[in-house]
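Given only the sequences and the hints, what does the whole structure look like? Please build it.
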Amino acid sequence: MALDWMAWTWQTAAFFGCIGITLVGMTVWAVVAPQAPRMGILRFETTPGDRLFVSLLGSAFIHLGWLGLIGDPLWAASIVSVVYAAAVFRWV
Amino acid sequence: MEKTFNNKAWFMVLPVVLLVAFSAVLPLMTVVNYSVQDTFGNNQFFWAGLQWFEEVLTSERLHDALIRQFIFSGVILAIQIPLGIAVSLCIPKRGVWSSFCLVLMALPLLIPWNVVGTIWQIFGRVDIGLLGATMAALGIDYNYTQNAAHAWITIVVMDVWHWTSLVALLCFAGLQSIPDAYYQAAKIDGASRWKIFRYIELPKMNRVLLIAVLLRFMDSFMIYTEPFVVTGGGPGNSTTLLSIDLVKMALGQFDLGPAAAFSIIYFLIILLLSWVFYTVMTNYGKGEGR
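Protein sequences, first through last, are from chains A and E. For the first sequence, this note's numbering gives the first residue as 1, with consecutive numbering after it. For the second sequence, this note's numbering gives the first residue as 1001, with consecutive numbering after it.
Please keep in mind that the hints were generated in silico from the structure rather than gathered at the bench. A quick note: this is a predicted structure, and the numbers were derived from the prediction, not measured. Backbone N, C-alpha and C fix where the C-beta goes; we use that ideal spot for every residue, glycine too. One or more of the hints may lead you astray.
Here are the simulated SDA-like pairs of lysine to any residue, each with C-alpha atoms no more than 25 angstroms apart in a straight line [unchecked claim]:
hint: 1; chain 1: E; residue 1: K1008; chain 2: A; residue 2: A7
hint: 2; chain 1: E; residue 1: K1248; chain 2: A; residue 2: A7
hint: 3; chain 1: E; residue 1: K1195; chain 2: E; residue 2: N1206
hint: 4; chain 1: E; residue 1: K1008; chain 2: A; residue 2: T27
hint: 5; chain 1: E; residue 1: K1008; chain 2: A; residue 2: V32
hint: 6; chain 1: E; residue 1: K1008; chain 2: A; residue 2: R43
hint: 7; chain 1: E; residue 1: K1008; chain 2: A; residue 2: T22
hint: 8; chain 1: E; residue 1: K1008; chain 2: A; residue 2: F53
hint: 9; chain 1: E; residue 1: K1204; chain 2: A; residue 2: R43
hint: 10; chain 1: E; residue 1: K1008; chain 2: A; residue 2: V28
hint: 11; chain 1: E; residue 1: K1248; chain 2: A; residue 2: L64
hint: 12; chain 1: E; residue 1: K1008; chain 2: A; residue 2: G71
hint: 13; chain 1: E; residue 1: K1008; chain 2: A; residue 2: L64
hint: 14; chain 1: E; residue 1: K1008; chain 2: A; residue 2: P34
hint: 15; chain 1: E; residue 1: K1008; chain 2: A; residue 2: A30
Coverage of chain E stretches by chain A, computed from C-beta distances (three or more under 8 angstroms per stretch; other residues unrestricted) [to be verified]:
hint: 16; region: 1027–1036
hint: 17; region: 1054–1060
hint: 18; region: 1266–1280
Derived CB-CB ranges, DEER-like [as the list claims (entries may be wrong)]:
hint: 19; chain 1: E; residue 1: F1100; chain 2: A; residue 2: A36; range: 44 to 52 angstroms
hint: 20; chain 1: E; residue 1: I1111; chain 2: A; residue 2: F16; range: 39 to 47 angstroms
hint: 21; chain 1: E; residue 1: F1100; chain 2: A; residue 2: P48; range: 32 to 40 angstroms
hint: 22; chain 1: A; residue 1: P48; chain 2: E; residue 2: N1206; range: 50 to 58 angstroms
hint: 23; chain 1: E; residue 1: L1109; chain 2: A; residue 2: A30; range: 35 to 43 angstroms
hint: 24; chain 1: A; residue 1: G20; chain 2: E; residue 2: A1191; range: 55 to 63 angstroms
hint: 25; chain 1: A; residue 1: A30; chain 2: E; residue 2: L1251; range: 23 to 31 angstroms
hint: 26; chain 1: E; residue 1: A1173; chain 2: A; residue 2: P48; range: 33 to 41 angstroms
Next comes the structure, spelled out in structure tokens:
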């Protein structure tokens, strides 16, 4: 399939590829080692899927906030996002 | 713990997943593709990186539209939720008048958005509209096409007219689910009307109220047709809400890149708010008694 279909670029294809791999990985993880919902610091039950959603959504806002308030370098926002995602998976 | 479910059941939702992918996920991915590129038509795209996001995030225009949008949704909730509760308390509990009120209340909900906009656009005109002419007869210089405050009042009143019924009907459904025994117990205790409302009716309505708040917030946050038909976003940009601004950018100026970046930010805000509301709704009261 040509990359210009739907105006694809390799960057956006890689971005969605990463999200796709994460979703598939989380699904496999859930099938291999099912986890019961747990109560985190936000005082409501979350599954690993919920925590992934919160991580991805939060990461999007971290990147947008960084871009709007600070600008370059954007990779610093990615590091903050990884730390944030790790914290979400650990404590939320 | 013994496994009580079968993961193969997930294949049952595969048709829906494919349908949603075709109608929502793939178009959304296209928007992401557009947001990092520039086009001059002829299906030719040029890599722009995150330029449009930076432009949109630092744009006064987006900030102003976002502030206007939050003010609009806040005003809508502040009026429609208490008014809807008040109206629902006035609807007779049973009998012919109850049915009559319910049908009457449901009527505005059946009118399409653009028709509501057209009704109010004509209704507010000073030359041919009943509201505009009445205002002029009362000596009030009302003109929603030139005065920003009048334009705001008009679109807020229009939305209240169109959607308060929904809140009232939801609250009425909540009130109907309260058994008579609660009211009898309150009567024996000599509870005042306010205390009956505060300690019986309001707690019993909390579920439907959360649904009402969610529906009204999301709908008002994404509103487009009604204010567009009445004011077109004017006078100036005073009633240009987020979706009106987005359409102006995407279709009026054909700035696909900035409009796509704008759409993604708008989508993320709605996604975040929906998640917050959904989480609050599904977890409300679960922690009680722990």
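How the hints compare with the structure:
Taken as a hint, the K1008 of chain E and A7 of chain A pair is broken in the structure, with Cα atoms around 35 angstroms apart against an allowance of 25 angstroms. At roughly 22 angstroms between alpha-carbon atoms, K1248 of chain E and A7 of chain A fall within 25 angstroms of each other, so this suggested pair holds. At roughly 16 angstroms between alpha-carbon atoms, K1195 of chain E and N1206 of chain E fall within 25 angstroms of each other, so this suggested pair holds. As the CA atoms of K1008 of chain E and T27 of chain A are separated by approximately 13 angstroms, the hinted pair is consistent with the 25 angstroms bound.
For the suggested pair K1008 of chain E and V32 of chain A, the alpha carbons sit about 14 angstroms apart, so the restraint of at most 25 angstroms is met. Between K1008 of chain E and R43 of chain A the alpha-carbon distance is near 31 angstroms, which puts this suggested pair outside the 25 angstroms criterion. For the hint linking K1008 of chain E to T22 of chain A, the alpha-carbon distance of about 20 angstroms falls within 25 angstroms, and the restraint holds. A C-alpha spacing of about 23 angstroms is found between K1008 of chain E and F53 of chain A, which places the hinted pair at or below 25 angstroms, so the restraint holds.
For the suggested pair K1204 of chain E and R43 of chain A, the alpha carbons sit about 23 angstroms apart, so the restraint of at most 25 angstroms is met. Restraint check: the Cα-Cα separation between K1008 of chain E and V28 of chain A comes to about 13 angstroms, which is no more than 25 angstroms; the hinted pair holds. The suggested pairing of K1248 of chain E with L64 of chain A holds, with an alpha-carbon distance near 23 angstroms, which does not exceed 25 angstroms. Distance restraint check for K1008 of chain E and G71 of chain A: the Cα-Cα separation of roughly 46 angstroms exceeds the 25 angstroms cut-off, and the hinted pair is therefore not satisfied.
Among the hinted pairs, K1008 of chain E with L64 of chain A is inconsistent with the structure: their alpha-carbon atoms are about 38 angstroms apart, more than 25 angstroms. Only pairs whose Cα atoms come within 25 angstroms are accepted, and K1008 of chain E paired with P34 of chain A is accepted, the gap being roughly 14 angstroms. For the proposed pair K1008 of chain E and A30 of chain A, the alpha carbon gap of about 13 angstroms is at most 25 angstroms, so the pair holds. Proximity of the region 1027–1036 of chain E to chain A, defined as three or more residues with a beta carbon under 8 angstroms from a beta carbon of that chain, is established by the 6 residues found.
Taking a C-beta to C-beta cut-off of 8 angstroms, the region 1054–1060 of chain E contributes 3 residues in contact with chain A, enough for the three needed, and the coverage statement holds. For a cut-off of 8 angstroms, the count of residues in the region 1266–1280 of chain E with a CB near a CB of chain A stands at 5, and the three-residue condition holds. The supplied range of 44 to 52 angstroms is met by F1100 of chain E and A36 of chain A, whose beta-carbon atoms lie about 51 angstroms from each other. In this structure, I1111 of chain E and F16 of chain A meet the distance hint of 39 to 47 angstroms, their C-beta atoms being roughly 40 angstroms apart.
Separation of F1100 of chain E from P48 of chain A is about 52 angstroms and departs from the stated range, judged on CB atoms against 32 to 40 angstroms. Taking 50 to 58 angstroms as the suggested C-beta distance range, the pair P48 of chain A and N1206 of chain E does not conform, at roughly 30 angstroms. Our hint of 35 to 43 angstroms for L1109 of chain E and A30 of chain A holds, since their Cβ atoms are close to 41 angstroms apart. Separated by about 58 angstroms at the C-beta atoms, G20 of chain A and A1191 of chain E satisfy the suggested range of 55 to 63 angstroms.
Our hint of 23 to 31 angstroms for A30 of chain A and L1251 of chain E is violated, since their Cβ atoms are close to 42 angstroms apart. Here the CB-CB span from A1173 of chain E to P48 of chain A is close to 36 angstroms, well matched to the stated 33 to 41 angstroms.
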